[in-house]
Structure formats: C-alpha cells, structure tokens
Amino acid sequence: NAGVTQTPKFRILKIGQSMTLQCTQDMNHNYMYWYRQDPGMGLKLIYYSVGAGITDKGEVPNGYNVSRSTTEDFPLRLELAAPSQTSVYFCASSHQAGGAVYEQYFGPGTRLTVT
Amino acid sequence: GESVGLHLPTLSVQEGDNSIINCAYSNSASDYFIWYKQESGKGPQFIIDIRSNMDKRQGQRVTVLLNKTVKHLSLQIAATQPGDSAVYFCAEQDTGFQKLVFGTGTRLLVSP
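First to last, the protein sequences are chains V and C.
Residue numbers for the first sequence, in the working numbering: 1 to 115.
Residue numbers for the second sequence, in the working numbering: 1 to 112.
Now the in silico label distances, taken between C-beta atoms and shown as ranges:
{"hint": "1", "chain 1": "C", "residue 1": "Gln45", "chain 2": "V", "residue 2": "Asp38", "range": "13 to 21 angstroms"}
{"hint": "2", "chain 1": "C", "residue 1": "Gly83", "chain 2": "V", "residue 2": "Glu103", "range": "18 to 26 angstroms"}
{"hint": "3", "chain 1": "C", "residue 1": "His72", "chain 2": "V", "residue 2": "Asn1", "range": "35 to 43 angstroms"}
{"hint": "4", "chain 1": "V", "residue 1": "Ile54", "chain 2": "C", "residue 2": "Ile20", "range": "35 to 43 angstroms"}
{"hint": "5", "chain 1": "C", "residue 1": "Pro112", "chain 2": "V", "residue 2": "Gly53", "range": "46 to 54 angstroms"}
Read the hints as simulated data drawn from the structure, not as lab findings.
Since we're looking at a predicted model, the values are computed, not measured.
Cβ coordinates follow ideal geometry from the N, Cα and C atoms, glycine included.
Isolated chain V (complex conformation):
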C-alpha cells in the first residue's frame, strides 16, 4: 500500500490564483482530513470527511473548499490565494467503526507559498 499520497510536494502561487491540492489514500479508510501547519505550530484542522459525499468544517476552514466524491480522494481547493495561506498542508486518513478511535495516517505534505 502507498498509504496517503499528496501532490504537489511544493507550489508557489501568486495572490489571487487558485489551485487544488490532491490527496489519495489506498487503505479504504472512511475518514479523511486536511490540516495546515504554520512554522513552529501544531497542525490545525481545515476540513474533514466521514465518508464519500460528506464533508464538514474544521477549526480553520475560511478560504478553502473540499469535496469527497470517492472513498479514495479528498482534494482541497484554494480559490483566491492569500499570503496567510502560506503553510504546509497535510492530508490524513483513518478507519472508524463502532465508535472506536483509530490512528490517523498522514501524507508527506504540500509546502505552499503565496507571494
């Protein structure tokens, strides 16, 4: 299994541009998440999904959109990039069943710079 994969690894955007960060997992996990990590900080949850067709906001959703059309893919969309969105973005996935909590598996991250 490849686990959680993210593309691209790096990207530089100009203010106002748009882009989609891709995330794919091959573990058949029903839960998927997007986090951002600013320098010297822990990760903050942007959006999450509990299954295909279901998404919900996390702690810092403003400026982002997501969709979950399949179990495997959970893309994150930035519509009008702003310097405040310069960060490292991590996608994660986990299994969930019967109220039990399972480990989240993280991708390698996408480093985004908005100038």
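Given the coordinates of chain V, work out where chain C should sit on it, guided by the hints.
Positioned in the frame of chain V, the structure of chain C alone reads:
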C-alpha cells in the same frame, strides 16, 4: 531576510539518556490522547496513544502518562537514540468525529 525558524521549546539530551516530554491539554472531555513524532520535512507519525480511562501505557521504549486532574500528558523515551531527534506533538481526539487538536510541539535533540 526575516528568519522563519521554529520557536519551539527544545529538549537536548545525550544518547542513552531517558527523555521526558510534557504536554498540557485543554479539553477535560477528550477521550483519547496521542503522541506524534514529526521528522523534518515529513508528516506526523503515530507513536503511542492512551485512553482517558487509563493513566499509563507502555510501548517499545516509550511510556505515556496521563494525569487528568491537572490535564497533563507526558511522553517518556528510554535510552534515547539519535534517530529519536524530531518534533513531538501531543494531540487530543474526540471519539465522535475523531478530530485531532494538536498541542504546541517540543523539539528533541539527541547528541551522540
């Protein structure tokens, strides 16, 4: 240019020492606590977890202690190795939607 270096608390130890990394959490209703290790340029990696109904859990070379009275979590690493050098984060997780809330990290530096 302006430095964008990390301003994390740092714990420096010698190889072979035992390391203790501490974390204060915020939500007394959290069900589940996890320690993650993050190496430079990589995503967080699960180390060990503990449920709120426990106060200690041991893994291979690692032990997590939970003190719910003072909302404190600690990670003990025995016989620390250079490969343990990384940033360590504690996180709280709720069982409902499994959202993780991360604490501020601690950088562990292990000298040979």
